[in-house]
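Undergrad: Each chain is listed here by its residues.
Number of protein chains: 2
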Amino acid sequence: MLLVSLMRYIAKVEVSLKLGHSDPEGETTRNSLAELNYPVRDVRVSKVYTILLDASSAEDAERMVEEMCRRLLANPVKDDYKIYIEASE
Amino acid sequence: MLLVSLMRYIAKVEVSLKLGHSDPEGETTRNSLAELNYPVRDVRVSKVYTILLDASSAEDAERMVEEMCRRLLANPVKDDYKIYIEASE
Chain A
1 MLLVSLMRYI
11 AKVEVSLKLG
21 HSDPEGETTR
31 NSLAELNYPV
41 RDVRVSKVYT
51 ILLDASSAED
61 AERMVEEMCR
71 RLLANPVKDD
81 YKIYIEASE
Chain B
1 MLLVSLMRYI
11 AKVEVSLKLG
21 HSDPEGETTR
31 NSLAELNYPV
41 RDVRVSKVYT
51 ILLDASSAED
61 AERMVEEMCR
71 RLLANPVKDD
81 YKIYIEASE
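Going down the list, the sequences are from chains A and B.
Our numbering puts the first residue of the first sequence at 1, with every later residue one more than the last.
Our numbering puts the first residue of the second sequence at 1, with every later residue one more than the last.
By construction, these hints were calculated from the structure, which means they are not laboratory data.
Heads up, some of the hints might be wrong.
It does not matter which identical chain is meant; a pair holds if it fits inside one copy or across any two.
What the hints assert, rightly or not - Listed next, the in silico SDA-like pairs over lysine to any residue satisfying Cα-Cα at most 25 Å (straight line):
| hint | residue 1 | residue 2 |
| --- | --- | --- |
| 1 | Lys82 | Glu59 |
| 2 | Lys82 | Ser56 |
| 3 | Lys47 | Pro24 |
| 4 | Lys47 | Arg70 |
| 5 | Lys12 | Asn75 |
| 6 | Lys12 | Leu36 |
| 7 | Lys82 | Arg70 |
| 8 | Lys12 | Glu25 |
| 9 | Lys78 | Val48 |
| 10 | Lys82 | Glu67 |
| 11 | Lys78 | His21 |
As the structure is a computational prediction, the values presented were derived from the model and not from experiment.
Using the sequences provided together with the hints, build the complete structure.
TA: Printed below as a string of C-alpha cells:
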C-alpha cells in the first residue's frame with residue numbers, strides 16, 4: 001500500500017496571444033482609451049486562470065498544469081502561456 | 001512654456017470578479033478539467049490588460065491607469081482590480 005500525502009497548490013496560468021496575432025479586444029480597448037484622451041500606445045488582453053489543485057509536490061503540480069495548458073487551456077497555434085505555482089495555506 | 005519629458009510605462013491591470021460573484025467560465029473550465037481526471041478544486045478566470053502608455057512618472061502612470069479602471073476597464077459592482085506599473089525600456 002502506497003500512501004502519498006497531497007498538498008494544495010494555487011496555479012496561475014496567463015494565456016496570451018502570440019506576438020503577431022491580432023488582438024481585436026485589445027485594439028478596441030486602446031481606441032476607447034484614446035478617445036478618452038489617455039496617451040495609450042498599445043493594449044493587449046490576456047486571460048488568467050487561477051487553479052486550486054491537489055498535488056504531491058510543486059513539481060507535480062507544475063507538470064499537471066503544463067499538461068492542462070497543452071490539452072485544454074491554450075491553443076498552440078496562437079497562444080503563449082506562463083505558469084506560476086504557489087503553495088496554498 | 002513648460003517642458004515635461006515623458007517616459008514610456010507598461011501597466012498590467014488584472015481585473016477579476018469579486019468573491020461571491022459566480023464565475024461561469026471558471027466553473028465550466030473546472031468541470032472540463034475534472035472530466036479529464038485532474039484533481040482540480042476550483043478555477044477562477046480573470047483578465048489582464050497590458051497597457052503601453054506615456055507618462056511623466058510612475059506615479060502619474062498609476063494615477064491614469066487607476067482612472068481608466070474606474071471609467072472603463074472594471075465594473076465597480078462586480079470587479080476587483082490590481083495595477084502593476086513598470087518602466088518600459
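Undergrad: Each hint needs a verdict: does it hold in this structure or not?
TA: Here's how the hints hold up against the structure:
In the homo-oligomer, the alpha carbons of Lys82 and Glu59 lie at most 25 Å apart inside one protomer (15 Å), although the nearest pairing across protomers, at 28 Å, exceeds that limit. Taking the closest pair of Cα atoms, Lys82 and Ser56 come within 25 Å of each other only inside a single copy of the chain (21 Å); across copies the shortest separation is 31 Å, beyond that limit. Taking the closest pair of Cα atoms, Lys47 and Pro24 come within 25 Å of each other both inside a single copy (14 Å) and across two copies (15 Å). Proximity of Lys47 and Arg70 under a CA criterion of 25 Å is satisfied in both settings, with 15 Å inside one chain copy and 20 Å between copies.
For the identical chains of this complex, Lys12 and Asn75 are neighbours both inside a copy (17 Å) and across copies (22 Å), given an alpha-carbon limit of 25 Å. Taking CA atoms no more than 25 Å apart as the test, Lys12 paired with Leu36 passes between copies only; the shortest distance there is 19 Å, against 32 Å inside one copy. Proximity of Lys82 and Arg70 under a CA criterion of 25 Å is satisfied intra-copy only: 12 Å inside one chain copy versus 28 Å between copies. Within a single copy, Lys12 and Glu25 get their C-alpha atoms as close as 22 Å, and across copies as close as 15 Å, so both meet the 25 Å cut-off.
For a Cα distance limit of 25 Å, the shortest separation of Lys78 from Val48 qualifies both inside one copy, at 16 Å, and across copies, at 17 Å. Taking the shortest alpha-carbon separations for Lys82 and Glu67, only the intra-copy value of 12 Å comes in at or below 25 Å, while the best inter-copy value is 28 Å. Only within a single protomer do Lys78 and His21 lie at most 25 Å apart by alpha-carbon distance; the minimum there is 7 Å, versus 30 Å between protomers.
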